[in-house]
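Peer 1: Here are the chains, one letter per residue:
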Amino acid sequence: MSENIPTWGLLAQYEDPHSIYQACEQVRDAGYQQWDACAPFPVHGLDRAMGVKPSRLPWIVLVVGLVGSALGLWLQAWTSGSAYPFITGGKPLFSLPAFVPVWYEMTVLASCLAAFFGNWILNGLPRLHHPAFASRAFERATDDKFFIMIEAADPKFDLAQTEALLKSTGATHVEVLEP
Amino acid sequence: MATANPTTLPDDPKLRGDVVLDEQTGGREPLVRGDYTFHDITERVLAVNEKPIAQTPSPFKFGIALAAAGFAMFGGYVGYLIWEGPGIWGNNTPVAWAWDIVNFVFWVGIGHAGTLISAILYLFRQKWRTSINRYAEAMTIFAVLAAGSCVVLHTGRVWMDYYLFPIPNQMGLWPNFRSPLEWDVFAVNTYLTVSLLFWFTGLVPDFATLRDRATVKWRRLFYGILSLGWRGSMRHWVTYEKAYQILAGFSAPLVLSVHTIVSFDFAVSQLPGWHTTIFPPYFVAGAIFSGFAMVLTLMIPAREWLGLKDLVTVKHIENMNKIILVTGSMVGYAYGMEFFVAAYSGNQYEGFTFINRAGGPYWWAYWIMMTCNVITPQLFWFKKFRTNVKLTFVLSIFVNIGMWFERFVITVTSLHRDALVSSWDYFVPVTEVLFLTGTFGLFFFLFLLFIRFFPVMAMSEVKGVMPQANPHWEGYQHGQHGHGASGAVPAGAVAQKDL
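Same order as they appear, the protein sequences are chains V and B.
In terms of the numbering used here, the first sequence opens at residue 9 and continues consecutively.
In terms of the numbering used here, the second sequence opens at residue 21 and continues consecutively.
Honestly, I wouldn't trust all of these hints.
Stretch by stretch, here's where chain B covers chain V in the computed footprint (C-beta under 8 Å, at least three residues) [claimed, not checked]:
id, stretch
1, 33 to 41
2, 92 to 104
3, 108 to 116
Computed far set for chain B versus chain V, every beta-carbon distance over 10 Å [claimed, not checked]:
id, residue
4, Gly83
5, Trp250
6, Pro321
7, Glu338
8, Gly371
Derived from the structure by calculation, the hints contain no laboratory data.
Every residue, glycine too, gets a C-beta built ideally from N, C-alpha and C.
With these hints in hand, go ahead and build the complete structure from the sequences.
Peer 2: Laid out in structure tokens, this is it:
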């Protein structure tokens with residue numbers, strides 16, 4: 009292939025979870041940083057084989073959930089105790105037991121919104137285009153094939169060597185991705 | 021029976037003769053039957069979605085036309101209701117709550133099974149849920165929409181419904197947060213929102229499959245936008261699975277809280293027949309009971325028509341029947357306990373209410389409820405009946421009927437005998453049948469559209485529970501399964517047939 013074509017990275021195809029698992033261990037051990045594996049379902053243990061760190065999402069959910077919880081309680085206390093003080097059923101203005109259901113629902117709502125949006129934001133989605141989408145083979149990544157892509161931006165990336173590494177790990181098909 | 025559908029193997033594992041209870045499944049029957057490859061799952065599940073619009077099967081066209089007619093009728097009925105007001109119903113003092121609330125509780129209860137399957141069974145690692153969770157979740161959302169339309173419309177002046185929300189207004193008024201009806205507004209809205217987020221999160225990887233297989237431009241665009249550019253990246257899956265777990269973790273107690281709060285609408289009042297502490301658990305059990313019945317009612321024809329009998333097996337139906345048996349018996353226990361507490365309390369109003377329920381003017385409603393909810397589900401003690409698909413279908417419809425009548429019994433019979441005999445009345449519906457039919461039209465219209473255009477099964481999850489999804493599956497070690505182009509497993513008996 010011509011040297012003039014800019015390279016985004018290399019895409020290698022594997023046929024089953026077993027071979028991509030072993031390939032990921034080898035790519036990880038070769039010291040690559042900017043690379044990824046794609047699978048039609050989360051392959052059990054593959055994140056560890058790749059050396060991916062656990063997600064930060066739970067911390068985001070915790071913080072947003074606590075803020076939503078506080079807002080939920082404050083909303084009730086302020087509206088029925090301060091903004092328009094009104095005695096209902098002889099209860100005190102701040103009647104905590106009666107506020108529990110809405111307080112709880114607000115906590116759940118805030119946490120779930122945080123989990124939902126946090127998931128997409130941390131993953132950089134929506135992103136409707138990606139260099140791998142140019143590959144015909146990659147269309148099976150959401151069906152039954154497994155892929156590794158190593159980015160040219162990786163300091164260890166070398167077209168010939170990386171390609172040799174991917175082929176040695178049992179890839180059935182390797183192709184160059186353009187940006 | 022065995023030759024009725026040539027592409028599907030018989031339901032009975034003994035007839036198939038190929039079910040091996042191996043170590044992979046812990047001695048259990050496999051969740052996906054037959055030698056399916058990952059690609060076969062994709063083909064099977066998406067077969068109905070990928071048919072060109074012009075080739076939509078005619079039973080489907082007929083079904084959606086019928087549902088659309090029901091939905092259109094509902095639209096007309098809502099216009100009539102808004103124009104005339106709730107006077108077009110039979111509701112009047114003392115029966116101020118009738119079919120409007122009955123329908124609301126009925127629909128919101130049905131929704132609960134979807135969340136139970138998707139969240140609680142997920143947290144308990146019940147892998148069999150993967151074949152049924154998607155349309156159970158869809159059912160939840162459409163059922164909650166139907167329920168929501170009942171409560172939104174029952175207020176009478178629907179243009180004042182914004183009063184339900186804490187919106188700053190010119191009068192400086194706020195909702196009364198000490199009212200169970202206000203708790204209900206928050207519970208149902210949170211429930212609808214969270215169910216939608218959960219459902220959509222699960223759908224994204226499957227939308228990506230549809231996008232990648234699209235052959236027409238509109239499909240590529242439509243599913244491309246819905247899939248948010250999902251590419252199956254393992255780094256994404258890590259966060260995605262965490263998000264899914266968190267959503268499941270919050271949904272599980274949420275589903276219990278929602279029907280608890282619905283029961284507070286009754287239990288916090290002072291009315292004999294409503295003012296009981298057993299209501300929250302009894303309502304939650306009833307909700308799960310009715311919801312599982314509705315899932316079966318929808319699923320049994322769907323697996324037949326969509327050719328998904330190997331993915332939704334008799335084992336799934338049997339498991340669901342067990343849950344129906346348990347929750348049905350819990351509901352039966354609650355019916356008995358209500359009578360016991362009424363007698364034990366020595367309160368004559370309470371005692372009268374319950375004797376009046378079973379033997380008063382609405383005795384027929386009470387006994388329909390008892391028959392459909394308590395007596396007929398007891399057949400599921402026997403494996404022969406649990407694994408009988410046709411019988412299950414009939415009994416699931418019985419449960420739907422019985423649970424509608426349960427809400428009717430609770431709401432109407434408790435109200436129609438007021439404290440003063442001069443205020444007694446007998447409620448008769450006027451146009452409410454159209455209201456109920458209309459909500460069914462809305463529900464089925466959305467549900468059929470969902471089946472046609474969205475993947476009915478969580479493909480990525482089903483693939484994940486297949487034995488070859490495990491990178492350490494022993495089939496890989498022995499080398500007997502080649503890494504051929506056809507997939508991880510050699511083309512078996514089923515894979516060779518045209519799927």
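Peer 1: All hints, please: hold or fail.
Peer 2: Against the structure, the hints come out as follows:
Closer than 8 Å: that is the beta-carbon criterion, and the stretch 33 to 41 of chain V has 0 residues meeting it against chain B, so the requirement of 3 is violated. Under the rule that three or more residues need a Cβ within less than 8 Å of chain B, the assignment of the stretch 92 to 104 of chain V holds, with 6 such residues. Figure legend: the stretch 108 to 116 of chain V, annotated as covered by chain B; annotation consistent (6 residues with Cβ-Cβ distances under 8 Å, at least 3 required). The beta carbon of Gly83 of chain B is kept farther than 10 Å from every beta carbon of chain V, the shortest such distance being approximately 29 Å.
With a closest Cβ-Cβ approach of about 7 Å to chain V, Trp250 of chain B is found to fall inside the 10 Å limit, against its non-interface label. With a least beta-carbon separation of about 28 Å from chain V, Pro321 of chain B lies farther than 10 Å from that chain, consistent with its non-interface assignment. Non-interface call for Glu338 of chain B relative to chain V: holds, since the shortest CB-CB distance, roughly 26 Å, exceeds 10 Å. Distance check for Gly371 of chain B against chain V: the nearest CB is about 27 Å away, which clears 10 Å, and the non-interface claim stands.
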